[in-house]
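One-letter residues, chain by chain:
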Amino acid sequence: DKKTIGVSIPAADHGWTAGVVFHAERVAKKLMEEHPGLNVIVKTSPDPASQANAVQDLETQGIDALVILPSDPDPLVNAIKEVKDKGKFVALVDRAPSSNDNSVRDLYVAGNNPALGEVAGKYIAEKTPEAEVVIIRGLPIPIDQQRQDGFDKGIAGSKVKVLDRQFGNWNRDDAFKVMQDYLTKYPKIDVVWCQDDDMAVGVLQAIEQAKRTDIQYVVAGAGSKDMIKKVMDGDKMIPVDVLYPPAMVGTAMELTAAALIDQVPVSGNYILDATLITPENAKNFYFPDSPF
Amino acid sequence: MSSVSTPAPVDGVVPLLKVAGLSKSFGPVQVLKGIDLTVEAGQVHAIIGENGAGKSTLMKILSGHLQPTDGTTRIDGQPVVFSGPVDAEHRGIVLVHQEILLAPDLTVAQNVYLGREIAKGLVVDDKAMNEGARRAIRELGGDIDPTVTVGRLSIAQRQLVQIARSLLVPHRLVIFDEPTASLTPVETEALLKVIADIRARGTAVLYISHRLPEVKHIADKVTVLRDGRLVTTRDASGVEPVDMARLMVGRDVAKLYPDRAAAGVREIVLEVEDMSVPGYAEHASFQLRKGEILGFAGLVGAGRTELMEGMAGLRPARGTVRLAGKPVSFTNVHDSMKAGIAYLSEDRKGKGLLLAKDLKVNLTLASLGRFVRWWQVDRTLEREALDKAIAEFDIRTGRKDLLAGQLSGGNQQKLLLAKMMMLDPSIIIIDEPTRGIDIGTKEQIYKFIAGLAAEGRSIIVVSSEMPELIGLCDRILVMRTGHIVGEVAGDHMNENEIVVLATGVQAGEAA
Amino acid sequence: MTETAAATAKARRSWKDVDLRAVAPFVALALLLVLGAFANPNFISVDNLLNVLTRSAFIAIIAVGATFVISAGGLDLSVGSMVAFVASLTILFMNSGAISDPTMTIVAAAVLAIAIGAACGLANGLITTVGRIEPFIATLGTMGIYRGLTTWLSQGGAITLRNPEVQSLYRPIYFGEIFGVPFPIYVIVITAAIGAFVLYRTRYGRHVVAVGSNEDVAHYSGIPVSRVRTLTYVIQGLCVAVACLIYIPRLGSTSATTGLMWELQAITAVVVGGTALRGGVGRIWGTVCGAFILEIVGNIMLLSNFVSEYLLGAIQGAIIIIAMLVQRSLVRKS
Amino acid sequence: MTETAAATAKARRSWKDVDLRAVAPFVALALLLVLGAFANPNFISVDNLLNVLTRSAFIAIIAVGATFVISAGGLDLSVGSMVAFVASLTILFMNSGAISDPTMTIVAAAVLAIAIGAACGLANGLITTVGRIEPFIATLGTMGIYRGLTTWLSQGGAITLRNPEVQSLYRPIYFGEIFGVPFPIYVIVITAAIGAFVLYRTRYGRHVVAVGSNEDVAHYSGIPVSRVRTLTYVIQGLCVAVACLIYIPRLGSTSATTGLMWELQAITAVVVGGTALRGGVGRIWGTVCGAFILEIVGNIMLLSNFVSEYLLGAIQGAIIIIAMLVQRSLVRKS
Ligand SMILES: Nc1ncnc2c1ncn2[C@@H]1O[C@H](COP(=O)(O)OP(=O)(O)OP(=O)(O)O)[C@@H](O)[C@H]1O
Ligand SMILES: Nc1ncnc2c1ncn2[C@@H]1O[C@H](COP(=O)(O)OP(=O)(O)OP(=O)(O)O)[C@@H](O)[C@H]1O
Ligand SMILES: [Mg+2]
Ligand SMILES: [Mg+2]
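From first to last, the protein sequence lines stand for chains A, B, C and D.
So for the first sequence, the numbering used here puts the first residue at 1; every next one is plus one.
So for the second sequence, the numbering used here puts the first residue at 293; every next one is plus one.
So for the third sequence, the numbering used here puts the first residue at 804; every next one is plus one.
So for the fourth sequence, the numbering used here puts the first residue at 1138; every next one is plus one.
No lab work stands behind these hints: they were computed from the structure.
For every residue, glycine included, the Cβ atom is placed at its ideal position computed from N, Cα and C.
Careful, some of the hints might be misleading.
Here are the simulated EDC-like pairs of lysine to aspartate or glutamate, each with C-alpha atoms no more than 16 angstroms apart in a straight line [what the hints assert, rightly or not]:
(1) B:Lys352 x D:Asp1353
(2) B:Lys641 x C:Glu1018
(3) A:Lys127 x D:Asp1184
(4) A:Lys185 x D:Glu1314
(5) A:Lys86 x C:Asp850
(6) A:Lys127 x A:Asp190
(7) A:Lys211 x D:Asp1353
(8) B:Lys582 x B:Glu563
(9) B:Lys310 x B:Asp328
(10) A:Lys3 x A:Asp64
(11) B:Lys641 x C:Asp1019
(12) A:Lys236 x A:Asp214
(13) A:Lys122 x A:Asp273
(14) B:Lys352 x B:Asp379
Now the stretches of chain A that chain C is said to cover, found in silico as 3 or more residues with beta-carbon under 8 angstroms [unchecked claim]:
(15) 11-23
(16) 131-145
Partial selection, computed: residues in chain D whose CB lies under 7 angstroms from chain C [said to hold, decoys possible]:
(17) Gly1278
(18) Gly1450
(19) Gln1453
Required output: the full structure, derived from the provided sequences and hints.
Encoded structure:
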């Protein structure tokens, strides 16, 4: 008999989520080809409230399993529980609510947000132990806070000094502005940590425009093809990138399909590493076809 | 379509404009019924009729603002159908609207030249337009800075701007719809002179006014409308104002102003001392007695309106107001209304009535508290009040669910009067009570005002029509440029005396 | 060519006119229902329709308040942030454990939410009326303020209702049903009914419409224009508080992005419902219908599988325009 | 009764009045500059000020167009999405390699951008005028449409200018300087000057203001109201296209979030600059000043160390309100 997997993800509103959408679509097509009896519906939503609606609508369409990457986890717990309580298989991707246990989901596939910050922090602390760092944060929501906390943990004990941290809203234009103002404000900046590859685009432009040479490098995160390319090419400004693969949604979908169709017992946590991408390993993570 | 006599141009003179069988309906209401009218070049043709007779509607049709439901229009013998007001203007027909149609944010000159700006290449020539506008207004006897925005002008000044604007179009037929309603004698005289000039140049003029002596003075022909029907068209030389009144109203209007019992000296109910409204009026002091009708005369811009508004708490003012000896100070209208003062604005469309709402809503707006039962506005009570007001004030309306904006001007004034009387005020300030009102209605309103005074209410009448003040008031105060410059009463109540005070100029010859 | 022409057309045309303008949104709604039924048979299932109605509750309730503000000639862009702010404070209060009894906690929280909503509305009202700043700018400013404060309260994270007892007690306010109809639907109906009563039947309602219709006339009629206008913002604040009270149990948490863009949705609901933005007319039931329309458009998009998810926003925009065009042509034909 | 009499009170009060209203935004700007200087000495460095002016270019230029739309009594909420749409199409064209010569590519792209901008504006204009839909709703609809199309074009990701030759040739349009002044500042000045000329000196500009002041009057005066209004949207579209042309070389890429909320910023700039939202008045230079004010507020926030990053939005909102209050009190005192 026909099985249906519903996939609810945030709308493609910046690079990383675009990657998520890309991979979700890719894997959905692949799964449906591999399993003729399987139907995969992918729905995107711009904010938590509409995502809760989308989950409800997927349920209305009669799904057997839900794969969800919540745009903001806590507000969506209730909606996810609704599905879970009806005995459907639920895979939660990436963003964990405050209480992330079996009552909420069967499977948890995630990148490691605290680790993303921590890896970046550690790298900076090792490479430039006395660096003065400015930070450009994302939006004021929990994942951002987790990355921030991770970063603070990563540099703990070192002499790395954080000069400032402001929100760039995971947006290139905003990051450009914030970086311009940082450059005005601080005569000497050693390192920029900007938490996201999209924002790094704006940061690099601002630095280039100011013709400042004191900035040694920029650490971003996520693993967009443009940044990975720069790492591969040995760009001085982007020596490394921290991986936070949007493809994780595909992993979750594949695992869910396995649970549903092949009756493989799947449950528990699958945490993907926040791998540090260096010129040596970069080509393993380079997908030129992805939009991100 | 031609039913009534449509004489061919026998003697070779083709009339400039000729309409036959013209009818107009708004929905179920037929407003004009088979009007035949001929307008000749070089003549002033007056149209008179009661409020709501259909004069404005007829003029709007003739100038392309409205499409007739039926009938034909010929210009120089050629049948035409106007696609719109601009089309009519191109054919030389311009209308000076009864309502003021100007863009409030633009300057006087910009309004005067709106839609036909003088331009040098791409650039508009503001200098030339300011000059032109200043000249055009001066020709009308006004003096308005052409660079002031229209929103700052008084109604009278706006009216002048509007007239100036219309006369700048090359015209063969100019239609004036109550142009003098808000003008004082000085500007009225100037306008009549301008109209005489226009006529002398061979232009035809259609002229609507409720001021019958004026009509008599200027018109060559007079057409009377009643209930949308053309009653008669006559040579003006053959009809006197009394006849006109009778033809309009359908009965004798022998005496316009009511007899009033000479009131003895009564107690002072209102005392205003050293009242200043910054920018408009300074150090005004006056007293009002119980049962008295006190007039305020003055030229346009003398500050009468602002003084009254300041006193009623409608705009910031300094000074002392005593009601029955007790000092009061009104920071807002609500307080003054509660104290029994009602102010009826001269600007009934802008400040008096909600034109887009129905009569009921308008009638009860100021006194809604009286209609509240169980937290709700009781619509039955409202309906009853409307019925009563319609009867009492003789508001002529086809249907009771009409919007206030669909009433004719005169009936709007009656509605406003009815609205403010719902407050049951003891002091009533009426600014321009009969602006644009037909003679029959005027008589009613005067009678009504006199009745209010007889009931022991005190009334202030601000008016630019001197006969009205003289006929109605016990005393008249005259204002000039923000100051009260004198009082006329008893034997001195005549136009000459007032004009001398209002202008500050000894008159050689009186109008 | 004399008379006869007179009394043919009866007054029927004009009542139609008035009526059609009010009926138009409902016609648009009906058309959408038909469209939805074609898109996916599940659409017209009772469950789905109840779902959609239920979740339109937030916008519908907020939009009832917006109808007041707009009728009086104002505008409130801050409602979305206000939802975030009021809901955050309310959750923080419930988390604080100031009151130990769960039921009393919820009651006190409700009172608090209402008070904060009213206070926020009052602030908006005073800034526009006493400060005489264009409502658009004034509420754009407070929009920033309320959202900023929310961000600060949440320290960039989420504010989540922690007490499980309170949570389970509170949950039915969104998820509960009475006679098979979800609770929020009752809240919509009650709010709208009260709103309609106040706007159409009371003196204050009459004043609101008068102020929006012509401020000068209202002023000259002795209506305290500023007070009437300020109160519309307070009503808006109260409606926001009510929306918060059913929002909190649904998601149980808020963050800096809660209520983002809801102001635009609320205003759209009001306008789609037949209220003109320039003021002077208010249609409460039309507004509620407008909120349903918006939610149903989204629902149909999600249920149908024709459209690329990238194009969702485009189609939604197009449908709103088409809905308005349909309305207009309906009204014009009458 | 003689003549002479008609002498009236002089207009002496009015010039002061008018002038202060126009000057107020500049006073607010000056106050902000002083405030900024206290917050951080770097603030008044030429470099920083040039940076800030340069990046205000997008909003300033768009807001010049918005001044036309608003003066004529309209509103355009779609400009932010339009930026994203026009810029995306332009980049896609440059990437397509349809023209091999880099210079010609850029010229052709510029022409294309202008054409698309004008077309988008025309669409907005026709929907509001011919379709007779409230501008707020009409452009909210097209806002969804343009953004949706952008998302679809980019498949959710970024659209990046690929040709390095074109890139390096085009880059100076944003980053280049003439006599030490960045190129975008010239573009602001030129756009505003043209805008001011059209609005204040030409017949069309006069008609724009008349339409916004009183539509009926304009109609009776033979002004083609719909055409005038539609054209203001086209002008808005052209301004958006110009803004895009200097936006593209800055980051060389667009995404679905490009230009998000810019419409609100543009409208705020217009209003802060002294143009009333109800139409009938337009102040081009005030608008430009308003755009500077907005950008400077953000800049001061970032440069100063007083404020928690969480509270930025709140302070920004508060400053806008205070700036408007200062303006109002200035004007009232006059
Ligand atoms: N748009 C409309 N819809 C319905 N009725 C209307 C409309 N316009 C005018 N009327 C009605 O037509 C009649 C004639 O109005 P009109 O304005 O022509 O009168 P008038 O003779 O100019 O009166 P006044 O002397 O008061 O100006 C009035 O009864 C008025 O209520
Ligand atoms: N908003 C305004 N700002 C500046 N001046 C104004 C404003 N409104 C009116 N004025 C001026 O104030 C003066 C007095 O106004 P107004 O003409 O209404 O007085 P009035 O004596 O009541 O005249 P009317 O005979 O028209 O009733 C006029 O010169 C007018 O131009
Ligand atoms: Mg008339
Ligand atoms: Mg007056």
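Do the hints match the structure? See the list:
Only pairs whose Cα atoms come within 16 angstroms are accepted, and Lys352 of chain B paired with Asp1353 of chain D is accepted, the gap being roughly 14 angstroms. For the hint linking Lys641 of chain B to Glu1018 of chain C, the alpha-carbon distance of about 12 angstroms falls within 16 angstroms, and the restraint holds. Distance hint between Lys127 of chain A and Asp1184 of chain D is unfulfilled; the C-alpha atoms sit about 31 angstroms from each other, more than 16 angstroms. At roughly 22 angstroms between alpha-carbon atoms, Lys185 of chain A and Glu1314 of chain D are farther apart than 16 angstroms, so this suggested pair is violated.
Of the supplied pair hints, the one linking Lys86 of chain A and Asp850 of chain C holds, its CA atoms being roughly 15 angstroms apart against a limit of 16 angstroms. Restraint check: the Cα-Cα separation between Lys127 of chain A and Asp190 of chain A comes to about 11 angstroms, which is no more than 16 angstroms; the hinted pair holds. Annotation: proposed proximity of Lys211 of chain A to Asp1353 of chain D is violated, straight-line Cα distance about 57 angstroms (limit 16 angstroms). For the hint linking Lys582 of chain B to Glu563 of chain B, the alpha-carbon distance of about 11 angstroms falls within 16 angstroms, and the restraint holds.
At most 16 angstroms may separate the alpha-carbon atoms for a hinted pair to count; Lys310 of chain B and Asp328 of chain B meet this at roughly 8 angstroms. The hinted pair formed by Lys3 of chain A and Asp64 of chain A meets the criterion: a straight-line CA distance of about 6 angstroms does not exceed 16 angstroms. Taking the CA atoms of Lys641 of chain B and Asp1019 of chain C, the gap is near 10 angstroms; set against the 16 angstroms cutoff, the hint holds. Taken as a hint, the Lys236 of chain A and Asp214 of chain A pair is honoured in the structure, with Cα atoms around 13 angstroms apart against an allowance of 16 angstroms.
With a C-alpha separation of about 15 angstroms, the suggested pairing of Lys122 of chain A with Asp273 of chain A holds against the 16 angstroms cut-off. The hinted pair formed by Lys352 of chain B and Asp379 of chain B meets the criterion: a straight-line CA distance of about 13 angstroms does not exceed 16 angstroms. Three residues within the 8 angstroms Cβ limit are the bar, and the segment 11-23 of chain A against chain C gives 3, so the coverage statement holds. Closer than 8 angstroms: that is the beta-carbon criterion, and the segment 131-145 of chain A has 7 residues meeting it against chain C, so the requirement of 3 holds.
Checking Gly1278 of chain D against chain C by beta carbon gives a least distance of about 4 angstroms; that is within 7 angstroms, so the hint holds. Annotation: Gly1450 of chain D was flagged as interfacial toward chain C, and the flag holds, the nearest CB pair being 4 angstroms apart, inside 7 angstroms. Nearest Cβ of chain C to the Cβ of Gln1453 of chain D: about 5 angstroms, under the 7 angstroms cut. The hint holds.
Of the numbered hints listed earlier, those contradicted by the structure are 3, 4 and 7.
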